[in-house]
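Throw the hints in and build the complete structure from the sequences for me.
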Amino acid sequence: MNDAVLELSRVSVEFSTERGPLKVLEDVDLSIRRGEFVSLIGHSGCGKSTVLNCIAGLVSATKGGVILEGREVTEPGPERSVVFQNHSLLPWLSVYDNVALAVNQVFRRTKSKQERAEWIEHNLELVQMTHASHLRPREISGGMAQRVGIARALAMQPKILLMDEPFGALDALTRAHLQDSLMEIHSNLNNTVIMVTHDVDEAVLLSDRIVMMSNGPAANIGQVLDVELPEERDRISLASDDNYNHCRHEVLQFLYEKQRKIETLGASASDQKPEDESLQEVSNY
Amino acid sequence: MAAIVSFIRPLGGLLPPRSSRFARLFQAVALPLAGLGVFLLLWSFAAGRIDTSLGQFPDPSMVWEQAVNLYDEHRASREKEAGFYARQEQRNAARLKVDPDYEPRIRPYTGPPTFLDQIVTSLLTVLSGFLVATLLAVPWGIAIGLSKTLHQAFNPLIQLFKPVSPLAWLPLVTMVVSAVYVSDDPTVPKSFLNSMITVTLCCLWPTVINTAMGVSSVNPDLVNVSRVLRLSTLDHVTKIVLPSAVPVIFTGLRISLGIAWMVLIAAEMLAQNPGLGKFVWDEFQNGSSNSLSRIMVAVIAIGLIGLGLDRIMLTLQRFVSWEKEQER
Numbered sequence: 001m002n003d004a005v006l007e008l009s010r011v012s013v014e015f016s017t018e019r020g021p022l023k024v025l026e027d028v029d030l031s032i033r034r035g036e037f038v039s040l041i042g043h044s045g046c047g048k049s050t051v052l053n054c055i056a057g058l059v060s061a062t063k064g065g066v067i068l069e070g071r072e073v074t075e076p077g078p079e080r081s082v083v084f085q086n087h088s089l090l091p092w093l094s095v096y097d098n099v100a101l102a103v104n105q106v107f108r109r110t111k112s113k114q115e116r117a118e119w120i121e122h123n124l125e126l127v128q129m130t131h132a133s134h135l136r137p138r139e140i141s142g143g144m145a146q147r148v149g150i151a152r153a154l155a156m157q158p159k160i161l162l163m164d165e166p167f168g169a170l171d172a173l174t175r176a177h178l179q180d181s182l183m184e185i186h187s188n189l190n191n192t193v194i195m196v197t198h199d200v201d202e203a204v205l206l207s208d209r210i211v212m213m214s215n216g217p218a219a220n221i222g223q224v225l226d227v228e229l230p231e232e233r234d235r236i237s238l239a240s241d242d243n244y245n246h247c248r249h250e251v252l253q254f255l256y257e258k259q260r261k262i263e264t265l266g267a268s269a270s271d272q273k274p275e276d277e278s279l280q281e282v283s284n285y
Numbered sequence: 286m287a288a289i290v291s292f293i294r295p296l297g298g299l300l301p302p303r304s305s306r307f308a309r310l311f312q313a314v315a316l317p318l319a320g321l322g323v324f325l326l327l328w329s330f331a332a333g334r335i336d337t338s339l340g341q342f343p344d345p346s347m348v349w350e351q352a353v354n355l356y357d358e359h360r361a362s363r364e365k366e367a368g369f370y371a372r373q374e375q376r377n378a379a380r381l382k383v384d385p386d387y388e389p390r391i392r393p394y395t396g397p398p399t400f401l402d403q404i405v406t407s408l409l410t411v412l413s414g415f416l417v418a419t420l421l422a423v424p425w426g427i428a429i430g431l432s433k434t435l436h437q438a439f440n441p442l443i444q445l446f447k448p449v450s451p452l453a454w455l456p457l458v459t460m461v462v463s464a465v466y467v468s469d470d471p472t473v474p475k476s477f478l479n480s481m482i483t484v485t486l487c488c489l490w491p492t493v494i495n496t497a498m499g500v501s502s503v504n505p506d507l508v509n510v511s512r513v514l515r516l517s518t519l520d521h522v523t524k525i526v527l528p529s530a531v532p533v534i535f536t537g538l539r540i541s542l543g544i545a546w547m548v549l550i551a552a553e554m555l556a557q558n559p560g561l562g563k564f565v566w567d568e569f570q571n572g573s574s575n576s577l578s579r580i581m582v583a584v585i586a587i588g589l590i591g592l593g594l595d596r597i598m599l600t601l602q603r604f605v606s607w608e609k610e611q612e613r
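As they're listed, the protein sequences go chains X and S.
Quick note: the working numbering has the first sequence finishing at residue 285, numbered continuously throughout.
Quick note: the working numbering has the second sequence finishing at residue 613, numbered continuously throughout.
Note that these hints are calculated values from the structure, not bench results.
Everything numeric in this text was worked out from a predicted model, so none of it was measured.
The beta carbon of each residue, even a glycine, is placed where N, CA and C say it ideally should be.
Hints may contain errors.
Stated by the list, open to error - Residues from chain S shown here face chain X by an in silico Cβ test under 7 Å; the list is partial:
#, residue
1, A332
2, D506
3, L514
4, S517
5, L519
What follows is the structure in structure tokens.
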């Protein structure tokens, strides 16, 4: 395990709620190699986003810890940039300025003004968004906004790119398009990527490894699947690929036989981030 | 049957179809005019039937007459003032010819303020009161919005003072100002300070509350973006929190300015401080047969100015806000 970039060691996360402590994760162990594309998949409420937020440093582990290149993660930082589900671009800034905010913050001491401008352009090119650089997030489609979100995250030159259901809010065609773009970017840059998803096809198509999470509370890693498919993947030819279908089958079996979710009304509170609680207090005004 | 239908159809056609350009023009211009017309009719009708101790309640034509009168009085007063200064200059020039060592003096004109003067006084007072309130309320709101501790400490106070009427503040403000603001050569008159501080105290709250709300309800995802970027506290506030709260802050400022204008008129009336409120009160005390018409002119002027202030705020709000859709 020497080539591991990132290691999660016995990570447990507990949130305090009004009805007492809620254990979301228990003893999650995971190790990620450089250049690997790993998907976290599981039913909603299983805490897969919490794993991602732990790595990002947005949520701190109650027990255990996250180690990035030999150092423990204690706070968020641009070396673990995040692509959020709903793009999270600043609505008052243009596409260019959104990427610029990140670039100017991260490289304010290490790159000259000119270099930073070039780097912003380069990243917008990477996601094919240069044509819209002057537009506001509101004026572009959700798919385009998510491209910009990816550009912003890539522009931070992260050691690990974290993606929290990046394509979950998009329609199927746009999603396929963005998945192709992401595959291309990943094969060119060879970044280490961790992506949370609930889409089985997406997980198999994009990943080198799929980490399947058991149901919460106190969720854990149920099974890890190595996706043994060539680096260059084509969604049409894969449809009839035995290996691909085997992987799909494995994941589906895990999700719908081994970890079948018993839906109980109003019981999926475990996926809520603590931020959600503070939001509700606004109504007190 | 068919005959009846074909007869009714064209009647329906008198009302233009909703989508045409003409229809939009009709709705934008003709309907408000019609509303105004109905109001004027009802007003004239009712006015003729109300007799007060100051004579008949003024109808629109009487009010218009007084509006013209007030403007003429203003013009006359200005001419008088100009003449006053011209005479002084003449006199000084004449005296300088005889005695070159004479230092010319100009005595200020001390005629009573006209209706337009009172409007200017009121506008200056309301704007300075509003400005002071804004300078206090926005930073305070930001502090409360950012810190849960401060919010819990101050929220009860804000809720307590928010509903207080200006009339309750006024005696306290007057006494404190006359005790504290002691100066031989005051830069601004005490009455101005009284009105202004009362306005400030009353219009502070909507801005404080809205700023705090806007600041504390920043999208958590954007806060996470800021955390991932490790923005400094200053950058976090100026680059993430404030821009995102600007639409809500401006809504608060608009409400505040509206309240400021209403409060000011009441304060001027009660405290006899110069301004439109004093004009109304003086006319009431004056009790001439024209008084009610002149008060009505003031009422309409107050309304128009309030509307104008609100429009200015709305334009400002549109200008600085990234949220394109704004309620009217």
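Cross-check of the supplied hints:
At about 44 Å, the closest approach between the beta carbon of A332 (chain S) and any beta carbon in chain X exceeds 7 Å, and the interface hint on this residue is violated. Nearest Cβ of chain X to the Cβ of D506 (chain S): about 4 Å, under the 7 Å cut. The hint holds. For L514 (chain S), the interface hint holds, since its Cβ comes within 7 Å of a Cβ in chain X; the closest pair sits about 5 Å apart. For S517 (chain S), the suggested interface contact is broken, since its CB lies about 9 Å from the closest CB of chain X, more than 7 Å.
The criterion of a C-beta within 7 Å of any C-beta in chain X is not met by L519 (chain S), whose closest approach is roughly 13 Å, and the hint is violated.
Of the hints listed earlier, those the structure fails to meet are numbers 1, 4, 5, in rising order.
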